[in-house]
Amino acid sequence: MAALEGRHPTTAILLAVALLVGCGRNEPPEPDRLEPGATTVEVQDAEGRVVAFVSPPERIVSLVPSATHTLIELGVSDHLVGRTEYDTTAALAGLHSVGGGLHPTLEILVALEPDLVVRFAGQTDLETPARLDDLGVAHLAVAPESVADTKGMILDLGRIVGRQGRATALVETIDSVLADIRLRVASLEPVRVAWVVGGDPPWVSGPGTYIDDLLSVAGGQNVFGDLGRLWAATSLEALFARHPDLVLTAEGSGLDPRISPRIPVRRVSPIVSLPGPDLPRAATEIAEALRPGLFEGP
Amino acid sequence: MSFRAKDLRVHYPGADRPALDDVTMEVPEGSLYAVLGPNGSGKSTLMRGLMGLIPPASGSASLEGKPISSWDRRTLARTVGAVPQNETIAFPLKVRELVAMGRYPHLGPLSPERATDREAVERALERCDAAKLGDRDIGTLSGGEIQRVRIARALAQEPRVLALDEPTASLDVRHEMAILELLKRSVAQGITVLLITHHLDLAGRFANRLLLLADGHVAAEGSPSEVLRADTLSDVYGWPVAVRPDPITGSPRVTPLDGPPPQAPLS
Amino acid sequence: MKRPLLAGSLLAALPLAVLLAVRFGPEPMTTGEVIQGLAGRGSETTVYIIRELRLPRALLSIIVGGGLALAGATFQALLRNPLAEPYILGISGGAAAGAVAVISLGLATASTWLLPFAAFGGALVAIFLAFRVAAAADRRLDVRVLLLAGVVVGAFFTAVLAFLLAISEATEVQDAVWWMMGDLSGATWRKVVLAAVYTLPAAGVLLGLSRALNVMAIGEETALYLGVHAERVKRLAFGVGSFVTAAGVAVAGVIGFVGLIVPHAIRILVGSDHRWLLPLSFLGGAVFLTLADLAAQLVLAPSVIPVGVVTAFVGVPIFLVLLRRSLTG
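Protein chains in written order, with the numbering used here: chain P, -2 to 295; chain Z, 20 to 286; chain V, 356 to 684.
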């Protein structure tokens, strides 16, 4: 078979022998070469890799919903050539789906011939970056956990796609809305609150998530601020024992019915679940939920 | 001399008494040697010990003068056709395939069956009156038919010795007699037969020598009339019996008598 | 069914299955593009998809599917139990615990090979423990004791796994669950060669034990009387069968049903002589997994369903049909 001639079997056999003796190595990708006189944009992604772009990418696939939303807000939805199963907005409806954001169907992703893939940072899916490295396709790992991370992501994406101005504007809006909310609640007593995602056992936000950031900006005190992790499953017992004044959750999430009889529950719209350019709206909704009537009046 | 045990002691791990306790016996070549005894007296253990399946705690077992532990497994399998009491046939198998396993000791792991092997299988099936069963699936056979097939497998090994653990246990009179007459014919053709059985009368009729075990000891060894005695048997089996010569065959016939009266309850 | 007929059919089905798995995939292509891709011509993307994604995946399915079916048939003979399957010595639990430990410790990014090696190592630890537990109870490795030991060791590792998942981040949990359901999408040429190096010699050894396994399937006492070194055969066959299974789990996760159903189906069709059962199980498992993986990719494209789901959904009805046939025919 013609396909088996050539370098694959020999190299592969030698590699297999080497593996039997030691471990394989991950080879770091080579950054794009610098053309003399051109302005190369270099970004350090959430995994610490430096990704360089000689010119803005024109075929982008984003596997991360918040990054996708950011790219749309930055005005480059024309350059999006694929979507994930979870991207249901009308703007993306006509695009090919690559399956899940984690473990996308490689064949379809590769066939879209992207020049930038935005993916989740972390070791959840190691196959995708390895394959993209094989093909020399640039990929950017993002991890919009906190508000600071999210602002950083917006700015980085803005630089990469050549929309720095728009990105800066989005971030400034976030800053000003958050500052305004901080001002309004400055002199008020903190509200003890828990953000519950739902489920059985219930998952809650700990410190360091953007939800936690928004809660403290809005004058709330996350009763799970001492959680060792960003998100964790906890027990109803722990929830009740911490005496939150309020439980916040997104609309449509399935909360354990034993919570609402004991603790007031308020729901905010699902946009809160997506850290990105909608942070100002999310922050406002959360602040409103924490103290109804905060934004009325003079 | 065929099988021989000298002061053989076999102790299963965790048991409080040995299964075989200083057993000495000898199977003369070319004889039909029957091993008798109550349940748990060590009959099956003796066969396993003689075949080298269990290392003895003390004493020795040998075959044709050589210690059994020095026999190579495959050579032993070409010499002795042994059929244990129980086998689980968990998967569908044809009769001929089961009998053909008797030829494995004569074949290497990958060598194909030869014409001589196929002939040996057919001969074995014929001698056990199982030739018609050749293409049947084992799962469809009756208890008696399976027994005959297993004996056929042992015969297919073309052994000098047959060792059978209760081969007629679930057979009706016709099949039991057919097997015993087959064994008698085999002995006439020069094969030595070690037969474990609990059927006292038939052992007395067909065997040349008997061994009577009790609690792992030898209670008696010798000719049928020497071993099948009322006092010995009553003592070993814990039940009163009488022994008379059978009016038709002349061999010793054991008749169980009425049991002792039940013990009066303590008042 | 006549044995040569089934053998011929499976030998013909094997390259056919590979061809189908290369021709079809989540990304629609014309036959011409596929052929070009195989030859190394056409766009770089097409060539990559055909030669680096589809072809190694198909070959890995063959090796893993064949190995699992072979191990399943071997264990069924050794344990004299039709319910035996490749993971019965706690292998799936050990492998999953090894893999998830690496994920939880955040080490998986260190090297793409760390995860498969950890899975392999976990599987070997489970096998070792199962043998030790069984030997402690009974030096002679009674297969019923070994079976129980395997169940206990497997349960232990499942508990370890549950603990690791409880302390993991949400995304790690999702990834672990995905891995455990079996996934061939990580197939690379290196993995194919590695799997082949581990599986094919082992398959050779097991095929050589065919006659011995025939007799072991009747009983160990009978096996000894027929000249088989039962203890040696047991240790060798269990060891090699477990090794093949561990290698399969390391590269493809825990794919169920192949090792249980394929040997049974072959047995129903051509009987229990392992000289036919083992090679035909290998071929059957290879074809079955390749086609199941193709279906797993296509049914809900672009989403992929775990291949273990397809092997169950497809395997069980086929098996029931064959079972009815064998009971009435």
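Everything labelled a hint here was simulated from the structure, so no lab data went into it.
Some clues are possibly wrong.
Unchecked claim - Subject to a maximum C-alpha distance of 20 Å in a straight line, what follows is the list of computed EDC-like cross-link-like pairs (lysine to aspartate or glutamate): (1) V:LYS357 <-> Z:ASP156; (2) Z:LYS151 <-> Z:GLU141; (3) Z:LYS25 <-> Z:ASP234; (4) Z:LYS113 <-> V:GLU407; (5) Z:LYS203 <-> Z:ASP154; (6) V:LYS357 <-> Z:GLU116; (7) V:LYS357 <-> Z:ASP234; (8) V:LYS357 <-> Z:GLU177.
For each hint, the structure was consulted:
Simply put, LYS357 (chain V) and ASP156 (chain Z) have alpha-carbon atoms about 16 Å apart, close enough for the 20 Å limit, and the pair holds. The suggested pairing of LYS151 (chain Z) with GLU141 (chain Z) holds, with an alpha-carbon distance near 10 Å, which does not exceed 20 Å. In summary, the hint linking LYS25 (chain Z) to ASP234 (chain Z) is supported, as the alpha carbons are separated by about 17 Å, within the 20 Å threshold. With a CA separation close to 47 Å, the supplied pair LYS113 (chain Z) and GLU407 (chain V) exceeds the 20 Å bound.
A hinted pair counts as satisfied when its Cα atoms are at most 20 Å apart, and LYS203 (chain Z) with ASP154 (chain Z) does not qualify at roughly 28 Å. At most 20 Å may separate the alpha-carbon atoms for a hinted pair to count; LYS357 (chain V) and GLU116 (chain Z) meet this at roughly 15 Å. Distance check on the hinted pair: LYS357 (chain V) and ASP234 (chain Z) sit about 52 Å apart at the alpha-carbon level, beyond 20 Å; violated. Restraint check: the Cα-Cα separation between LYS357 (chain V) and GLU177 (chain Z) comes to about 30 Å, which exceeds 20 Å; the hinted pair is violated.
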